[in-house]
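S.K.: Given next are the chains, with one letter for each unit.
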Amino acid sequence: MIPEIGQFALVLALCLALVQATFPLLGAALGRTEWMALARPAAAGQFVFVAIAFGILEYAFLTDDFSVEFVAQHSNSALPAFYKFTAAWGGHEGSMLFWITVLAIWTMAVTVGSRSQPEEFASRVLGVLGIVSAGIIAFSLLTSNPFLRLAPAALDGNDLNPLLQDPGMIFHPPMLYLGYVGVAVPFSFAIAALLTGRLDKDWAKWTRPWTVAAWLCLTIGITLGSWWAYYELGWGGWWFWDPVENSSFMPWLMTTALLHSLAVTERRGIFKSWTVLLAIAAFSLSLLGTFLTRSPVMVSVHAFAADPTRGLFILSLLGLISGGGLLLYAFRARALEAEGGFKLVSREAFLLANNILLVIAAVAVLFGTLYPLFIDALGGGKISVGPPYFNAMFLVPVLPLCALLGLGMHSAWRTMSADALLRRLKWPAVAAVAAGVILPFVFFRTASVLAIVSITIGIWVCVSSMLDPARKLILRTGAPLTRGHFGMCLAHFGVGVFILGATVASAYNLEVDVSAKPGDTVKAGNYEFVFRGMKRVQGPNFVADEGEFELRRDGKLLTVLTPQKRVYRVQQNPMTEAAINTNPARDVFLALGDPLGDNAWSLRIQVKPMISFLWIGSGIMALGGVLAITDRRYRQLRQKPAVRVEAVGAA
Amino acid sequence: MWRYARYAIPVAIFVAIGGFFYRGLGLNPNDVPSALVGKPMPKFSLPTVTDPDATITSDALQGKVALVNVWGTWCIECRHEHGFLVQLAQAGVPIYGLNLRDDRASAMSWLAQLGNPYVTSGFDPKGVAAVDWGVTGAPETFLIGRDGNVIFKHISPMTPQVWRHDFLPLVEEQCRAGGCEFLAAAGGR
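So the protein lines, in turn, are chains R and Z.
Our numbering numbers the first residue of the first sequence as 1 and each following residue consecutively.
Our numbering numbers the first residue of the second sequence as 1 and each following residue consecutively.
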């Protein structure tokens, strides 16, 4: 009975989403305020019913209701309770419901945050969000209903994919989805602005905090995913250019471009049609990600469902939403162009370069991701594009992008004298080059040209982004530092830290594959691994062979590493749990391979210098985003409605 | 003209990419069966599930239009399709089972509880025959033609829709020479 209530709640949510998608938009077009006024109640009602539906799915998981097919396929009575909770988004049907829930949360936030905006504009924004929501709810109900019953009910469930039984699964998908879906908000603002014909500074100002919020969630989500892949997949890599990783990374690149372009639109009133286009592209790529992961177009670890009907549905939805948006753009953008010049050396020019390079990077990734599909569609058979393509194609735009970053940050709007820029940045640049050339040889005794260039750029980005905050916070000169500005500097500093981590970890990675027996000692670089022995370990729903290794450096015991090889009882697939010893300077990574017979095991040992800088750098980027959205100017925007609510209450 | 047309470039690019996607949907990356379809079925000789001393060999299928269904008690989707397989069997469709990576006791109690749609089931605990047959998982269902060739392979549960839509037309074609008594009862002409 209870799952049927969930199903019913979802149907009601669809009805309300349809109301939200039609009346406010029509009302805004025809000037009928009572229709526009439906937007907020409809959105709120939709949120309530979506929350009920999601809550009921969680309830079905937590109470082991194996009469629900989705629960039977993705859970098991022996699964620890919090994995039961996360299993709700561990499969296709549930993750679509989760998508819907996240969109409802964003929509709710928009209904609150848009109170200070003109009614006509706000109802268009909510109307567009309603269209997106109605589309996805219909998709869920028609092609991937999570509440479908299984008759006869299963005695026990098929268990959650062991790869997903990891603490990382608690935060990675929710954050990623918050980001993915959050891009719908700037998209709706852009479409609303095209419909209104009002693409002005106000619009850019309203869109910016939402864009930063979505970008922030994407950043955290992607980082967590990469971190999870690093310690869970057991290969020691942190980015695989897998189609699904790419499909979260492309919206990130586009959203990053959008953030920068919005800054120009807000400050100078130019780049408008470009900004709109980026907003549409960013959300299209996020829908495309859904398409790629939810249809048989691509095969990957992440593809939950291979079903052409689902693919066709999502493709139609993509056609409706993105195609519609772009069509609207084709008709309206001409009227929105504004005149406004800037010089070759100015902040605008650097931001334009930033946008172009980011878009090139995104297109390179998109092309690599879709190339196998193009070839297949043209009859050339099935091929795959590997990391070498991506690494090369990605670095070509991104290295210049990061080199220009420091210059852009220190340029003024409209025009900047090249002399002043040079005077300001001469010494930091010299220092970065010197450090980039010398440090690799000091620490690692060897360096490739690419490593030197990348390290130089990483240091350059770190130094140039911290010049301003350092001057203002330590020397206390110039105007006080606002949170928005500090957030921007910090985010760029994070980019620099990330570059250093990525470069050093891949250029100076030490990797040893050996076989060893208990009692053996294996050497890798400065480290020694003493193999003490193997034992059997019982987990709640798995058994594992656990190795015990002493990690020693120069004879001194650092720690004991216990990598595992697990076999999960229900699905019977083996999983590698690597043991990682972390400190800021390096990670020592030890994974058990296969038993080679006669007590011997194959081992994979990796020493990755500075790899933690990757996650720390991304964390700093996200922190910069947090500072930027908590800037005073946005808090003031939000305080206005509170006053109005009080007034109503008093009356 | 260009002043107006250039704003339509994004939508044009989008339509082109969308076209590829539409085309891509028709191409199923899981389309592995091609390797076996149209070729003689792989030979096998397995003990049966119900009786370890009896064997079932691929010769038993020769000259018949029959289904080979890969199943296991560990496979939830198999439970899903089981009811329909029983119906097909009652209609007279010969279904041969390939029990994959299972233990005999649970396989036998499964058949006792849910009904046995199989003429007989080969017992393949190590998945030896399954490798020859190119089985990627369970459930999978093969259609074997009168000439002993593999006609069609379906991955995922057998449902009335799949039977009607994918199997029946091929079965009818195979049965044109006569000799499929089950055809009318199984929904064919």
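Treat the hints as calculated values from the structure; they're not laboratory data.
For each residue, glycine too, the CB sits at the ideal point set by N, CA and C.
One should not assume that every hint holds.
Just a few of them, taken from the derived set where beta-carbon distance is under 8 Å, the chain Z residues facing chain R [what the hints assert, rightly or not]:
#1 Arg3
#2 Tyr22
#3 Arg79
S.K.: State for each hint whether it applies.
M.R.: Going down the list of hints, with the structure as the test:
no., hint, in the structure
1, Arg3, "7 Å, holds"
2, Tyr22, "6 Å, holds"
3, Arg79, "7 Å, holds"
Every hint from the earlier list agrees with this structure, and none is contradicted.
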